[in-house]
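Residue numbers (the numbering used here), protein chains in the order written: chain A, 1 to 93; chain B, 94 to 456.
These are computed hints drawn from the structure, not numbers from a lab. Hints may be right or wrong, so weigh each one.
Stated by the list, open to error - In the SDA-like style, the derived pairs of lysine to any residue whose C-alpha atoms are separated by at most 25 Å in a straight line are: (1) B:K383 with B:R439; (2) B:K104 with A:S88; (3) B:K383 with B:D314; (4) B:K104 with A:D49; (5) B:K104 with A:W7; (6) B:K383 with B:V373; (7) B:K104 with A:V20; (8) B:K104 with A:D14; (9) B:K104 with A:L12; (10) B:K104 with A:I85; (11) B:K383 with B:G393; (12) B:K104 with A:A48; (13) B:K104 with A:N59; (14) B:K104 with A:E19; (15) B:K104 with A:L86; (16) B:K104 with A:G18.
Stated by the list, open to error - Restraint-style ranges between C-beta atoms, simulated for each label pair: (17) B:G166 with A:E21: 29 to 35 Å; (18) B:R141 with A:E21: 34 to 40 Å; (19) A:G10 with B:S297: 48 to 54 Å; (20) B:D394 with A:F22: 53 to 59 Å; (21) A:R82 with B:K295: 54 to 60 Å.
We put the CB at the ideal spot given by N, CA and C, even for glycine.
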Amino acid sequence: MPTVQVWIPGLLRDFTSGEVEFPVSAATVGAALDAAVARHPLLRSHLADEHGQPRPNVNVFHNEELVRSERELAAPLTDGDRITILQSVSGGC
Amino acid sequence: MARNVAVGTVKGLFILEQEGADPANAEWQLRGPYLSGWESTTVSLGQRDGRLELVVGLASFVYGPHVRRSLDGGRSWVPLGSGPGFSGEEGRPTVERIWTLHRLAESGELVAGVAQAGLFRWDEPTATWREYSSLSDHPTRAGWLPGLGGLCLHTVLTDERRPGRITVGISSVGTLRSDDDGVTWNVKNDGVTAAIPAEEPKYSDLNRCVHRLVLDPADPDHLYQQNHTGVYRSFNAGDSWERIETGLPSRFGFGIAALDHSPTVLFVVPLTSDEVRVPVDGQLCVYRSKNRGESWEACGDGLPLSNYAAVLRDALATGAGESSAVYFGTTSGELYATWDAGDNWRRLPGVFPRILSVRATTR
Numbered sequence: 001m002p003t004v005q006v007w008i009p010g011l012l013r014d015f016t017s018g019e020v021e022f023p024v025s026a027a028t029v030g031a032a033l034d035a036a037v038a039r040h041p042l043l044r045s046h047l048a049d050e051h052g053q054p055r056p057n058v059n060v061f062h063n064e065e066l067v068r069s070e071r072e073l074a075a076p077l078t079d080g081d082r083i084t085i086l087q088s089v090s091g092g093c
Numbered sequence: 094m095a096r097n098v099a100v101g102t103v104k105g106l107f108i109l110e111q112e113g114a115d116p117a118n119a120e121w122q123l124r125g126p127y128l129s130g131w132e133s134t135t136v137s138l139g140q141r142d143g144r145l146e147l148v149v150g151l152a153s154f155v156y157g158p159h160v161r162r163s164l165d166g167g168r169s170w171v172p173l174g175s176g177p178g179f180s181g182e183e184g185r186p187t188v189e190r191i192w193t194l195h196r197l198a199e200s201g202e203l204v205a206g207v208a209q210a211g212l213f214r215w216d217e218p219t220a221t222w223r224e225y226s227s228l229s230d231h232p233t234r235a236g237w238l239p240g241l242g243g244l245c246l247h248t249v250l251t252d253e254r255r256p257g258r259i260t261v262g263i264s265s266v267g268t269l270r271s272d273d274d275g276v277t278w279n280v281k282n283d284g285v286t287a288a289i290p291a292e293e294p295k296y297s298d299l300n301r302c303v304h305r306l307v308l309d310p311a312d313p314d315h316l317y318q319q320n321h322t323g324v325y326r327s328f329n330a331g332d333s334w335e336r337i338e339t340g341l342p343s344r345f346g347f348g349i350a351a352l353d354h355s356p357t358v359l360f361v362v363p364l365t366s367d368e369v370r371v372p373v374d375g376q377l378c379v380y381r382s383k384n385r386g387e388s389w390e391a392c393g394d395g396l397p398l399s400n401y402a403a404v405l406r407d408a409l410a411t412g413a414g415e416s417s418a419v420y421f422g423t424t425s426g427e428l429y430a431t432w433d434a435g436d437n438w439r440r441l442p443g444v445f446p447r448i449l450s451v452r453a454t455t456r
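Working from the sequences, and respecting the hints, build out all of it.
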């Protein structure tokens, strides 16, 4: 099983005991997100609503690629890949 | 005596502290912001095991809503579970925002009112939020329409003199009351003017866009509401309502507060119509009624001239533990207080982001 790094944005670090980045073992991008939630369960409600629908302004990157589709969630991982959670660049002040 | 004022803003939570008997002439200490980056949409301030308890509803346009609690004055925070969430599959309502936090009078349990029109009770032993599903699945729900802020359940009222009764305000639905601890709910809008006509006759008693409800401290069957269409009172726990607008420069506004005096003293901050929504003539002014709404008078001494900032529904509150204290925050980030039931107002230190919620208590 590949081991990848998951990077957490500032606002969500309150739900990871301050962890900015941590390793998970997972075969796909989706499985890596599941593993991140398993490690820090309070992340779940901030990545998706209570019915499991992804929050539209939460972006997930697999290395440099934005994950937008089920196919990209199912993309296989390799050792050393990076999963980055970022908020979308939008909103006012 | 120590006073704490919690100020929820779009950029986090601030706390003002003051010690001494004369708050008007004392030095206030400002702390915060806490929970920066999260909107503090509503605040609950109270005592728990002899400590100051802060509970805050938080929102992010990216990461959604949740609730956190602090028992050390804001220095550390613990999430209350994952936050409220509607049961069921996609297609059921979702929790968009925490609009109010309230301690039930009988049990002391914490409840959260949310958009989209839901009520949840925090179950401390299991660390989960329990949905009042009979409200979520109310028979008239298909006729419930949202206001500008969504389908928000923004007010919860309980009183230990009326066991089992829970009254809620939902924009733009109106007032609903349960007399059996939230098992069943009845619409209580008789006498209130609709904001817009209902599309279907079976929903003709809906669309009463209540902006805020307040319970009379002297009598739990006496309710008052600032509505989209005016200011009303009920002397029968909401079974029927009548207008109380004599002396007001405008019917429109958001907040309403009640001081435990004899008779009860009421406060509103009128705004110019639902199309304009700024203080009438640019004069930020609090109106007060000393006769349970029979008539109103301006009581703006100490408030600034030429101020076009509004006061939102959760940003006008009486001070818990004080007989004559009222606090309010504005959309331009100014905070004001009176400690003599509205005769004189004083601005508190600080210019804050847009103020969403204000609560005050003494220890």
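Structure-based check of all given hints:
Distance check on the hinted pair: K383 (chain B) and R439 (chain B) sit about 21 Å apart at the alpha-carbon level, within 25 Å; holds. Note on K104 (chain B) and S88 (chain A): the hinted pairing holds, with a Cα-Cα distance of about 18 Å set against a maximum of 25 Å. Simply put, K383 (chain B) and D314 (chain B) have alpha-carbon atoms about 18 Å apart, close enough for the 25 Å limit, and the pair holds. Only pairs whose Cα atoms come within 25 Å are accepted, and K104 (chain B) paired with D49 (chain A) is accepted, the gap being roughly 22 Å.
Restraint check for K104 (chain B) and W7 (chain A): the C-alpha separation of about 24 Å stays at or below 25 Å, so the hint holds. For the proposed pair K383 (chain B) and V373 (chain B), the alpha carbon gap of about 21 Å is at most 25 Å, so the pair holds. The hinted pair formed by K104 (chain B) and V20 (chain A) meets the criterion: a straight-line CA distance of about 22 Å does not exceed 25 Å. Proximity of K104 (chain B) to D14 (chain A) is assessed by CA-CA distance (about 16 Å); at most 25 Å being required, the pair is judged to hold.
Restraint check for K104 (chain B) and L12 (chain A): the C-alpha separation of about 16 Å stays at or below 25 Å, so the hint holds. Only pairs whose Cα atoms come within 25 Å are accepted, and K104 (chain B) paired with I85 (chain A) is accepted, the gap being roughly 22 Å. Of the supplied pair hints, the one linking K383 (chain B) and G393 (chain B) holds, its CA atoms being roughly 15 Å apart against a limit of 25 Å. Using a Cα cut-off of 25 Å, the hinted pair K104 (chain B) and A48 (chain A) holds, with the two alpha carbons roughly 22 Å apart.
The suggested pairing of K104 (chain B) with N59 (chain A) holds, with an alpha-carbon distance near 22 Å, which does not exceed 25 Å. Pair hint K104 (chain B) plus E19 (chain A) holds up; C-alpha atoms about 23 Å apart against a cutoff of 25 Å. For the hint pairing K104 (chain B) with L86 (chain A), the CA-to-CA distance comes to about 19 Å; that is within 25 Å, so the pair holds. Proximity of K104 (chain B) to G18 (chain A) is assessed by CA-CA distance (about 20 Å); at most 25 Å being required, the pair is judged to hold.
Distance hint for G166 (chain B) and E21 (chain A): a CB-CB separation of about 31 Å, consistent with the stated range 29 to 35 Å. Distance hint for R141 (chain B) and E21 (chain A): a CB-CB separation of about 36 Å, consistent with the stated range 34 to 40 Å. A C-beta distance of roughly 49 Å is found between G10 (chain A) and S297 (chain B), which places it inside the suggested range of 48 to 54 Å. One distance hint, 53 to 59 Å for the beta-carbon pair D394 (chain B) and F22 (chain A), holds here, with the actual separation near 58 Å.
A hinted range of 54 to 60 Å for the beta carbons of R82 (chain A) and K295 (chain B) is consistent with their spacing of about 56 Å.
Checked against the numbered hints above, the structure violates none of them.
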